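Student: Note that the sequence shown covers residues 6 to 71 in this note's numbering.
If you are wondering where the hints come from, they were derived from the structure by calculation, not from laboratory data.
What you are looking at is a predicted structure, and each value in this text was computed from that prediction instead of being measured.
Among the clues, some could well be false.
[As the list claims (entries may be wrong)] Simulated crosslink set (EDC-like; lysine to aspartate or glutamate; CA at most 20 angstroms straight-line):
no.	residue 1	residue 2
1	Lys49	Asp23
2	Lys56	Asp46
3	Lys64	Asp46
4	Lys63	Asp23
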Amino acid sequence: MLPAGAAEAESFSVPLLDHPHYTRPRVWRGREVPEVLLGGDHAKVAAWRAKAARAATKKKRPDLLQ
6 MLPAGAAEAE SFSVPLLDHP HYTRPRVWRG REVPEVLLGG DHAKVAAWRA KAARAATKKK
66 RPDLLQ
(Lines of atoms letter the chains of each structure in order from A and count residues from 1; the text may use other names and numbers.)
(Lines give C-alpha, C1' and ligand atoms only; values in the text may rest on other atoms or scores of the structure.)
Protein backbone atom coordinates (compact mmCIF):
# COMPACT_ATOMS: atom_id res chain seq x y z
CA MET A 1 0.00 0.00 0.00
CA LEU A 2 1.34 3.41 -0.96
CA PRO A 3 1.13 6.38 1.37
CA ALA A 4 -1.36 9.12 0.50
CA GLY A 5 -0.07 11.27 -2.36
CA ALA A 6 2.57 8.77 -3.46
CA ALA A 7 0.74 7.82 -6.65
CA GLU A 8 0.87 11.41 -7.90
CA ALA A 9 4.66 11.37 -7.58
CA GLU A 10 5.03 8.06 -9.44
CA SER A 11 7.00 8.47 -12.67
CA PHE A 12 4.30 6.73 -14.72
CA SER A 13 1.67 9.30 -13.70
CA VAL A 14 3.33 12.24 -15.51
CA PRO A 15 4.45 12.39 -19.15
CA LEU A 16 8.11 13.08 -18.28
CA LEU A 17 11.22 10.96 -18.09
CA ASP A 18 12.82 10.56 -14.69
CA HIS A 19 15.42 12.97 -13.33
CA PRO A 20 19.06 11.89 -12.88
CA HIS A 21 19.88 9.99 -9.70
CA TYR A 22 23.04 10.51 -7.69
CA THR A 23 24.76 8.66 -4.87
CA ARG A 24 28.04 8.82 -3.03
CA PRO A 25 30.82 9.79 -3.55
CA ARG A 26 30.18 13.47 -4.30
CA VAL A 27 32.47 13.22 -7.36
CA TRP A 28 32.61 10.08 -9.48
CA ARG A 29 34.54 9.79 -12.73
CA GLY A 30 34.64 13.57 -12.98
CA ARG A 31 30.89 14.00 -12.49
CA GLU A 32 29.83 16.03 -9.47
CA VAL A 33 26.56 15.89 -7.59
CA PRO A 34 24.76 19.23 -8.06
CA GLU A 35 25.11 21.40 -4.94
CA VAL A 36 21.34 21.86 -4.65
CA LEU A 37 20.98 18.14 -3.95
CA LEU A 38 23.45 18.36 -1.08
CA GLY A 39 21.89 21.38 0.62
CA GLY A 40 18.92 19.71 2.30
CA ASP A 41 16.28 22.19 1.06
CA HIS A 42 13.48 19.87 -0.05
CA ALA A 43 11.68 22.53 -2.10
CA LYS A 44 14.85 23.35 -4.05
CA VAL A 45 15.57 19.65 -4.58
CA ALA A 46 12.02 19.11 -5.91
CA ALA A 47 12.38 22.10 -8.25
CA TRP A 48 15.74 20.80 -9.50
CA ARG A 49 14.28 17.34 -10.10
CA ALA A 50 11.33 18.77 -12.04
CA LYS A 51 13.61 20.93 -14.19
CA ALA A 52 16.00 18.02 -14.82
CA ALA A 53 13.10 15.73 -15.77
CA ARG A 54 11.80 18.29 -18.27
CA ALA A 55 15.31 18.71 -19.73
CA ALA A 56 15.80 14.94 -20.08
CA THR A 57 12.39 14.57 -21.72
CA LYS A 58 13.05 17.45 -24.13
CA LYS A 59 16.40 15.92 -25.12
CA LYS A 60 15.41 12.23 -25.34
CA ARG A 61 11.63 12.16 -25.92
CA PRO A 62 10.37 15.56 -27.14
CA ASP A 63 7.24 13.84 -28.46
CA LEU A 64 6.05 13.45 -24.85
CA LEU A 65 5.92 17.23 -24.42
CA GLN A 66 3.45 17.80 -27.25
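Student: Take the hints in turn and mark each one as holding or not.
Tutor: Results of checking the hints against the structure:
no.: 1; hint: Lys49 to Asp23; result: holds (17 angstroms)
no.: 2; hint: Lys56 to Asp46; result: holds (16 angstroms)
no.: 3; hint: Lys64 to Asp46; result: violated (27 angstroms)
no.: 4; hint: Lys63 to Asp23; result: holds (12 angstroms)
Checked against the numbered hints listed earlier, the structure breaks hint 3 alone; every other hint is satisfied.
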